[in-house]
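*Asks:* Below, each chain spelled out in residue letters.
There are 2 protein chains.
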Amino acid sequence: MVTPRTLSGFKDRLPSEAIIKHNVIEKLSKVFRSFGFAPIETPHLEYADILIKQGSDEIQKELYRFTDHGERDVALRFDLTVPLARFVSQHKEALGLPFKRYAIGNVFRGERAQAGRYREFTQCDFDFIGTTSASSDAEIILVIYESLKALGIESFTIRINNRKIMNGLCKSLGVDDKIEAILREVDKIEKVGEEKVLESLTSLQIEKQKAAQIIEFIKIKENGGDFFSTIAEYEQNEFMVEGIKELKKIYGILSAIEMPKSAYAIDFSIARGLGYYTGIVYETVLNELPTIGSVASGGRYDNLTQNFSKEKMEGVGASIGLDRLLAALEQLGRLDRKETPSSVLVMPLDEEIEAESAKITKKLRDSSIGAELYPAPHKLKKQLAYANKKGHEFVLFLGQDEIKNSVVTIRNMKNGTQIDMVSLSDAISHIKHTLYGGN
Amino acid sequence: MVTPRTLSGFKDRLPSEAIIKHNVIEKLSKVFRSFGFAPIETPHLEYADILIKQGSDEIQKELYRFTDHGERDVALRFDLTVPLARFVSQHKEALGLPFKRYAIGNVFRGERAQAGRYREFTQCDFDFIGTTSASSDAEIILVIYESLKALGIESFTIRINNRKIMNGLCKSLGVDDKIEAILREVDKIEKVGEEKVLESLTSLQIEKQKAAQIIEFIKIKENGGDFFSTIAEYEQNEFMVEGIKELKKIYGILSAIEMPKSAYAIDFSIARGLGYYTGIVYETVLNELPTIGSVASGGRYDNLTQNFSKEKMEGVGASIGLDRLLAALEQLGRLDRKETPSSVLVMPLDEEIEAESAKITKKLRDSSIGAELYPAPHKLKKQLAYANKKGHEFVLFLGQDEIKNSVVTIRNMKNGTQIDMVSLSDAISHIKHTLYGGN
Numbered sequence: 010m011v012t013p014r015t016l017s018g019f020k021d022r023l024p025s026e027a028i029i030k031h032n033v034i035e036k037l038s039k040v041f042r043s044f045g046f047a048p049i050e051t052p053h054l055e056y057a058d059i060l061i062k063q064g065s066d067e068i069q070k071e072l073y074r075f076t077d078h079g080e081r082d083v084a085l086r087f088d089l090t091v092p093l094a095r096f097v098s099q100h101k102e103a104l105g106l107p108f109k110r111y112a113i114g115n116v117f118r119g120e121r122a123q124a125g126r127y128r129e130f131t132q133c134d135f136d137f138i139g140t141t142s143a144s145s146d147a148e149i150i151l152v153i154y155e156s157l158k159a160l161g162i163e164s165f166t167i168r169i170n171n172r173k174i175m176n177g178l179c180k181s182l183g184v185d186d187k188i189e190a191i192l193r194e195v196d197k198i199e200k201v202g203e204e205k206v207l208e209s210l211t212s213l214q215i216e217k218q219k220a221a222q223i224i225e226f227i228k229i230k231e232n233g234g235d236f237f238s239t240i241a242e243y244e245q246n247e248f249m250v251e252g253i254k255e256l257k258k259i260y261g262i263l264s265a266i267e268m269p270k271s272a273y274a275i276d277f278s279i280a281r282g283l284g285y286y287t288g289i290v291y292e293t294v295l296n297e298l299p300t301i302g303s304v305a306s307g308g309r310y311d312n313l314t315q316n317f318s319k320e321k322m323e324g325v326g327a328s329i330g331l332d333r334l335l336a337a338l339e340q341l342g343r344l345d346r347k348e349t350p351s352s353v354l355v356m357p358l359d360e361e362i363e364a365e366s367a368k369i370t371k372k373l374r375d376s377s378i379g380a381e382l383y384p385a386p387h388k389l390k391k392q393l394a395y396a397n398k399k400g401h402e403f404v405l406f407l408g409q410d411e412i413k414n415s416v417v418t419i420r421n422m423k424n425g426t427q428i429d430m431v432s433l434s435d436a437i438s439h440i441k442h443t444l445y446g447g448n
Numbered sequence: 010m011v012t013p014r015t016l017s018g019f020k021d022r023l024p025s026e027a028i029i030k031h032n033v034i035e036k037l038s039k040v041f042r043s044f045g046f047a048p049i050e051t052p053h054l055e056y057a058d059i060l061i062k063q064g065s066d067e068i069q070k071e072l073y074r075f076t077d078h079g080e081r082d083v084a085l086r087f088d089l090t091v092p093l094a095r096f097v098s099q100h101k102e103a104l105g106l107p108f109k110r111y112a113i114g115n116v117f118r119g120e121r122a123q124a125g126r127y128r129e130f131t132q133c134d135f136d137f138i139g140t141t142s143a144s145s146d147a148e149i150i151l152v153i154y155e156s157l158k159a160l161g162i163e164s165f166t167i168r169i170n171n172r173k174i175m176n177g178l179c180k181s182l183g184v185d186d187k188i189e190a191i192l193r194e195v196d197k198i199e200k201v202g203e204e205k206v207l208e209s210l211t212s213l214q215i216e217k218q219k220a221a222q223i224i225e226f227i228k229i230k231e232n233g234g235d236f237f238s239t240i241a242e243y244e245q246n247e248f249m250v251e252g253i254k255e256l257k258k259i260y261g262i263l264s265a266i267e268m269p270k271s272a273y274a275i276d277f278s279i280a281r282g283l284g285y286y287t288g289i290v291y292e293t294v295l296n297e298l299p300t301i302g303s304v305a306s307g308g309r310y311d312n313l314t315q316n317f318s319k320e321k322m323e324g325v326g327a328s329i330g331l332d333r334l335l336a337a338l339e340q341l342g343r344l345d346r347k348e349t350p351s352s353v354l355v356m357p358l359d360e361e362i363e364a365e366s367a368k369i370t371k372k373l374r375d376s377s378i379g380a381e382l383y384p385a386p387h388k389l390k391k392q393l394a395y396a397n398k399k400g401h402e403f404v405l406f407l408g409q410d411e412i413k414n415s416v417v418t419i420r421n422m423k424n425g426t427q428i429d430m431v432s433l434s435d436a437i438s439h440i441k442h443t444l445y446g447g448n
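Residue numbers (our numbering), protein chains in the order written: chain W, 10 to 448; chain X, 10 to 448.
Please note: incorrect hints may appear among the correct ones.
What the hints assert, rightly or not - List of simulated lysine-lysine pairs, DSBU-like, C-alpha gap at most 35 Å:
| no. | chain 1 | residue 1 | chain 2 | residue 2 |
| --- | --- | --- | --- | --- |
| 1 | X | 321 | W | 321 |
| 2 | X | 368 | W | 270 |
| 3 | W | 101 | X | 372 |
| 4 | W | 101 | X | 398 |
| 5 | X | 388 | X | 398 |
| 6 | X | 321 | W | 398 |
| 7 | W | 39 | X | 20 |
| 8 | W | 158 | X | 441 |
| 9 | X | 347 | W | 39 |
| 10 | X | 413 | W | 158 |
| 11 | W | 391 | X | 319 |
| 12 | X | 347 | W | 423 |
None of these hints come from the bench; they were simulated from the model. Given the structure is predicted, the values throughout are model-derived calculations rather than measurements.
Can you build the whole structure from these sequences, using the hints too?
*Replies:* As structure tokens, this is what we get:
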């Protein structure tokens, strides 16, 4: 006997959780596809040298890497971006540009196990490659917006920044050699406060007055007035001018498509961790749960394929944090947990009516009602307990009397109301009306 | 620079292929869910001892097995059945019985690379656990039927057998000690012919007369008459009686639900490779492509969890061979290959109309038309070439004139017809009518 167990940091998803995850993935895929993002698939396992070069030291340590049967040095993918870079380099002739793809798949990182962090988790990425247009930058924001709306999330803010602006500011202050460290610190302002950031900036050997100027700038918020006039006076050099001009163009598009202004805001403190962003960057906070961090983040990069090809390939994309989002929906009480994807349980209460029960269940399904047939004529109590546990909205009792008279008895499991001895077609109408509101 | 490449035996799926696969998976999931099969997820990586014990020697050699960071002996799953057995043993309290699950996921086998065989491939399993009823045996047949119908496959035969019948026959002939070998040989009759099977049976030290009796029996086919009367005379012992009685019950259900008789047939030569089947077994051939083998197979087992628990857990299930099915649909010309999931390409032909173009594209999407916005005002020819390559059904031209007059110009890319300067709402009606047949 082997003890049934999963590896530390890995988890099973039982039906109630898996049903929700699959519904979320289906809704997100539908949004991505409506914009013309096509799905692609890459293997879970790659040559290690494909994955390692672009990864940070941290990721190299966390890599699931081993030698396979053919003595190849291989590893499980740790994200979907490096495989994308390999994919577009390898298939560029077949794909052509521009190229829009999405990918929803599992990735593996041997991180120290801790609450809510897993070693295998699902990423959900979409990228628009081979264009530098403001149109594509704006589209990513719209995809994030439509994705969260599709999941029933009403109140969120997509925070937008442009790396060029902070680069320009740092250049104008003569501290652009420290830009990565500066971005890392200013990104924390919301969490640690102004004072702490000022301290850390000065500890980077930045003059206090310059540090104060940086903080003053990142604190500028949209306040209903003409934001772009306000920040025009800060434009110190061509980098800032270009960065602000790009944001202005994106704002023009978002305004034309009438995205509610409450859904997005410029925030100069947004840095995003990854070094490879070179233009616009995004992150998205749920207004009801700001502390869980960003649920959708990304940005523009100017050379996706640098490790695989001399040809430059620029693009813009984002990633929706599926696990974080699911945890948020759970916290917000937006999840309707059920252990079955079907709406009706058909309950045969007599051994002789097995075939007729199967026939009635099929008729329900043929009428677009998810319907499950209890597999044996167990006692009423046992079958009802099953329906209660699984979460069927309706049960349909079938005994000798019902079959003889060509009727059924249905019970609404939410409110307990029961309709006895009704025709199957009336039962179907009633169930559809209750479930879908129509007829 | 690293050369972009995939491991031997692993493959990328480019959009045209991934779109089809995702559509197929969505349709299959919908069928499974309508019957009350719930999705579950298990990790790709497991403790090696979980996977190995139940695997054959062959599979042990093919296992991707390694030592992880924590010095654990781990392996990538090679099927979805062993993880299911581990899952139901581990979570039996939470799940309860009966339990119906489906799982669609990738598995890994380091087989010798050959045409059409991959080391990572997708399995698609559904199982009904914790019941021995004929109702559940019949339901699996119905799920296979509805699945293939949902994919637009019209002509197929689900071949049905019951292990108990062959067990009984072999017992009555006193050759039941060789049953596994016998089943392996008779399973080949369609491929190699009667003579060869007779030869291999006699080479198993089975008397020629007995071998002939086995072959006579497995050759009995349904021929429109009363099949069960015909085979009644072959009933030699309780095993055969019970096996035939079970098939008869299943036939009663299939007849009650009015499944077309052409879709299923009893075939005593069906063995299915796996040793653990103990009752009904299924396989499914496409009548137009019999040579590709079974596209949906399975059967009943009486102890799924024997390596993990003393408690017996019986069940019945099947697996749809997704890769084989996709190859078949391709061969049958049933696949409409497109590189984009969107129907319309909006083509902005002037730099000044970027924002308006985004607005019009959004209006198409808000009308449930998948619409992609070309990201830059490139030349007409270039944008048209993009639409041609991707396979959009319609393009929508937008120039200064169109925007000024609040109209659009649309072209049907399949037949080349163009409608100039039409209102957006008329264009939307026309596109929806063409794509979906309605208004």
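*Asks:* All hints are to be evaluated individually against the structure, with a verdict given for each.
*Replies:* Structure-based check of each hint:
| no. | hint | in the structure |
| --- | --- | --- |
| 1 | X/321 to W/321 | violated (60 Å) |
| 2 | X/368 to W/270 | holds (15 Å) |
| 3 | W/101 to X/372 | holds (32 Å) |
| 4 | W/101 to X/398 | holds (14 Å) |
| 5 | X/388 to X/398 | holds (16 Å) |
| 6 | X/321 to W/398 | holds (22 Å) |
| 7 | W/39 to X/20 | holds (25 Å) |
| 8 | W/158 to X/441 | holds (24 Å) |
| 9 | X/347 to W/39 | holds (16 Å) |
| 10 | X/413 to W/158 | holds (32 Å) |
| 11 | W/391 to X/319 | holds (24 Å) |
| 12 | X/347 to W/423 | violated (44 Å) |
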